[in-house]
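Residue numbers (the working numbering), protein chains in the order written: chain L, 1 to 301; chain W, 1 to 301.
Calculated directly from the structure, the hints in this document are not laboratory data.
Just so you know, these numbers come straight off a predicted model, no measurement behind them.
Where is the CB? At the ideal position from N, CA and C, for every residue including glycine.
Don't take each hint at face value.
Derived, one-sided and incomplete: chain W residues facing chain L with beta-carbon distance under 7 Å [to be verified]: (1) K189; (2) Y217; (3) P222; (4) T224; (5) T297; (6) L299; (7) P300.
Straight line, CA to CA, 27 Å or less: simulated DSSO-like cross-link-like pairs of lysine-lysine [what the hints assert, rightly or not]: (8) W:K249 x W:K159; (9) L:K189 x W:K202; (10) W:K288 x L:K189; (11) W:K202 x L:K175.
2 protein chains.
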Amino acid sequence: MSLLVVGSVAYDSIITPQAAADEVLGGSATFFATAASHFTPVNLVAVVGDDFHHQDIAFLKDRKVSLEGLQTAPGKTFRWKGRYLENMNDRETLYTHLNVFETFKPELPLSYRNSPFVFLANIGPELQYAVMQQVTKPLFVAMDTMNFWISGAPEPLRKILSVVDGLIINDAEVKELSGESNIFVGARKIQAMGPSTLIIKKGEHGALLVHNQSYFYCPAYPVTLLYDPTGAGDTFAGGFMGYLAKIGKVDDASLRWAVVYGSALASYCVEAFGIAAIRDLSAVDIQKRVDALTAMTRLPA
Amino acid sequence: MSLLVVGSVAYDSIITPQAAADEVLGGSATFFATAASHFTPVNLVAVVGDDFHHQDIAFLKDRKVSLEGLQTAPGKTFRWKGRYLENMNDRETLYTHLNVFETFKPELPLSYRNSPFVFLANIGPELQYAVMQQVTKPLFVAMDTMNFWISGAPEPLRKILSVVDGLIINDAEVKELSGESNIFVGARKIQAMGPSTLIIKKGEHGALLVHNQSYFYCPAYPVTLLYDPTGAGDTFAGGFMGYLAKIGKVDDASLRWAVVYGSALASYCVEAFGIAAIRDLSAVDIQKRVDALTAMTRLPA
Numbered sequence: 001m002s003l004l005v006v007g008s009v010a011y012d013s014i015i016t017p018q019a020a021a022d023e024v025l026g027g028s029a030t031f032f033a034t035a036a037s038h039f040t041p042v043n044l045v046a047v048v049g050d051d052f053h054h055q056d057i058a059f060l061k062d063r064k065v066s067l068e069g070l071q072t073a074p075g076k077t078f079r080w081k082g083r084y085l086e087n088m089n090d091r092e093t094l095y096t097h098l099n100v101f102e103t104f105k106p107e108l109p110l111s112y113r114n115s116p117f118v119f120l121a122n123i124g125p126e127l128q129y130a131v132m133q134q135v136t137k138p139l140f141v142a143m144d145t146m147n148f149w150i151s152g153a154p155e156p157l158r159k160i161l162s163v164v165d166g167l168i169i170n171d172a173e174v175k176e177l178s179g180e181s182n183i184f185v186g187a188r189k190i191q192a193m194g195p196s197t198l199i200i201k202k203g204e205h206g207a208l209l210v211h212n213q214s215y216f217y218c219p220a221y222p223v224t225l226l227y228d229p230t231g232a233g234d235t236f237a238g239g240f241m242g243y244l245a246k247i248g249k250v251d252d253a254s255l256r257w258a259v260v261y262g263s264a265l266a267s268y269c270v271e272a273f274g275i276a277a278i279r280d281l282s283a284v285d286i287q288k289r290v291d292a293l294t295a296m297t298r299l300p301a
Numbered sequence: 001m002s003l004l005v006v007g008s009v010a011y012d013s014i015i016t017p018q019a020a021a022d023e024v025l026g027g028s029a030t031f032f033a034t035a036a037s038h039f040t041p042v043n044l045v046a047v048v049g050d051d052f053h054h055q056d057i058a059f060l061k062d063r064k065v066s067l068e069g070l071q072t073a074p075g076k077t078f079r080w081k082g083r084y085l086e087n088m089n090d091r092e093t094l095y096t097h098l099n100v101f102e103t104f105k106p107e108l109p110l111s112y113r114n115s116p117f118v119f120l121a122n123i124g125p126e127l128q129y130a131v132m133q134q135v136t137k138p139l140f141v142a143m144d145t146m147n148f149w150i151s152g153a154p155e156p157l158r159k160i161l162s163v164v165d166g167l168i169i170n171d172a173e174v175k176e177l178s179g180e181s182n183i184f185v186g187a188r189k190i191q192a193m194g195p196s197t198l199i200i201k202k203g204e205h206g207a208l209l210v211h212n213q214s215y216f217y218c219p220a221y222p223v224t225l226l227y228d229p230t231g232a233g234d235t236f237a238g239g240f241m242g243y244l245a246k247i248g249k250v251d252d253a254s255l256r257w258a259v260v261y262g263s264a265l266a267s268y269c270v271e272a273f274g275i276a277a278i279r280d281l282s283a284v285d286i287q288k289r290v291d292a293l294t295a296m297t298r299l300p301a
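Here chain L stands alone, though its shape is the one from the complex (with noise of 0.2 Å):
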């Protein structure tokens, strides 16, 4: 089935202790769009400047990822600039110029518009309702959200979140959102918010999913070499939504599966600059990441 994406797409330059890259394709709609790619088409809405490189275009499009919903609008296109420091956890931004991004306003094609599965990555959460207000009976639609959202603008944001289905968010969020620092009360508390499914991210701690009452988790792949953590959660996002939208249902055990594609992707993405490592994934190689994670938690009778 079709999955919809509505986020942002941009130049990132990225500083590690190790190396640095300069204006690389990223974005979360670039990131999410890449890795459900590998799973199942995606309609993408985003826009970039009249500065998008053609290369960049056409990568997409070979991708099957459809740009009807892609807007080109005079000036530049989103660019980001950042340095992570020695942990690799933390990271300063060095500059955000939102360009175009700063006027966007996301306006879905007829033809994308009963997309069954549906992500609204990080965006403002006025621009996300606005995304609901266009689709029709979606089958499963999940978002994404940040701190800057969650203390500067409450009330949207309840709103949207009173509308999905889904929230994927990192665990210092989770926190934020619910004002809780036990994860597990805090994951209560946002679900009666709206969304009975959580998938809450804790990078080198793995995932836990949160779905009605039971709890799935999965470990973090062994990654022994961290190159960039950018982009690595729209991955995971793609990765998971892109599952899903390939089965072409969710219940309990799809999306269990769903956190294990995701993570396999996310696994991939940060041993690279930019979608790098993951555009080009086999088949093949996403499978050894799956089998990898599920060897890490089974357990002989």
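Since the structure of chain L is already known, use the hints to place chain W on it.
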């Protein structure tokens, strides 16, 4: 099979943001033996002062813990007082009075020397080594350590590490001992120092078993009321080693299950002060949490 533990027996005073307890029975050997006693007979080696309470002796005997190796020395029993900060992870030590523990020399009664399973709790590496010279052909020896010995006694620590089978430590200690920020790289370096089996405790993030080349991950049980973390690590070790000693073999499958049993015991430990929540557990109580933990990583075919 029988299980030997060498460690401390103490009276702990604990302050948490919610409550406080004065002079409750604690110490690494106490937590370990109480947890392990649910699985197998335990041989305990430690020292107490002449102020040690009769009812605590009676309790340990009641749990089928052999006290033939419990020395009584003139003076006071080891006392520790600590305060947990709001996050319940960080704590400050208010005092440590070693008392009779200061001159503790582990001496194994003859009947203990052929214990097939041995746990060297967190005591000085020279004392741990002295124990190894008194045991005859053990099947599996595991040890604990801490930052104090990693930085303060690196040579004796290397010596004991080179002769044990397993090391049970937390993730921060893995980083400190290996000098590696990546836990998987660090684990390989520590395996090269001796122990082929590492059990890395990550608190609320679960526990990672590294056994030769294989990884196993067990999540933490979703505890919603973290009351007192004191002793959780030793309780984990007691459940882990107790299960192994009960099964009587050390292969990949039994090590994996042992991590699950250790996690189950530790999840109870933190729900009350001292050993209050683990002293009277039934087999059904333990199985309930083991089942919950296995359900958390179950992947339907």
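Consistency of the hints with the structure:
At its closest, the beta carbon of K189 of chain W sits 12 Å from a beta carbon of chain L; the interface hint therefore is violated under the 7 Å criterion. Given hint, Y217 of chain W at the interface with chain L, holds; its Cβ is 4 Å from that chain's nearest Cβ, closer than 7 Å. Annotation: interface hint on P222 of chain W holds; nearest CB of chain L at approximately 4 Å, less than 7 Å. The restraint placing T224 of chain W at the interface with chain L holds, with a minimum CB-CB distance near 5 Å, inside the 7 Å limit.
Proximity of T297 of chain W to chain L holds as hinted, the smallest CB-CB distance being about 4 Å (cut-off 7 Å). The restraint placing L299 of chain W at the interface with chain L holds, with a minimum CB-CB distance near 6 Å, inside the 7 Å limit. Taken as an interface hint, P300 of chain W checks out: its beta carbon lies about 4 Å from the nearest beta carbon of chain L, inside 7 Å. Restraint check for K249 of chain W and K159 of chain W: the C-alpha separation of about 26 Å stays at or below 27 Å, so the hint holds.
This hinted pair checks out: K189 of chain L and K202 of chain W have alpha carbons roughly 25 Å apart, not beyond 27 Å. Restraint check for K288 of chain W and K189 of chain L: the C-alpha separation of about 25 Å stays at or below 27 Å, so the hint holds. Annotation: proposed proximity of K202 of chain W to K175 of chain L holds, straight-line Cα distance about 19 Å (limit 27 Å).
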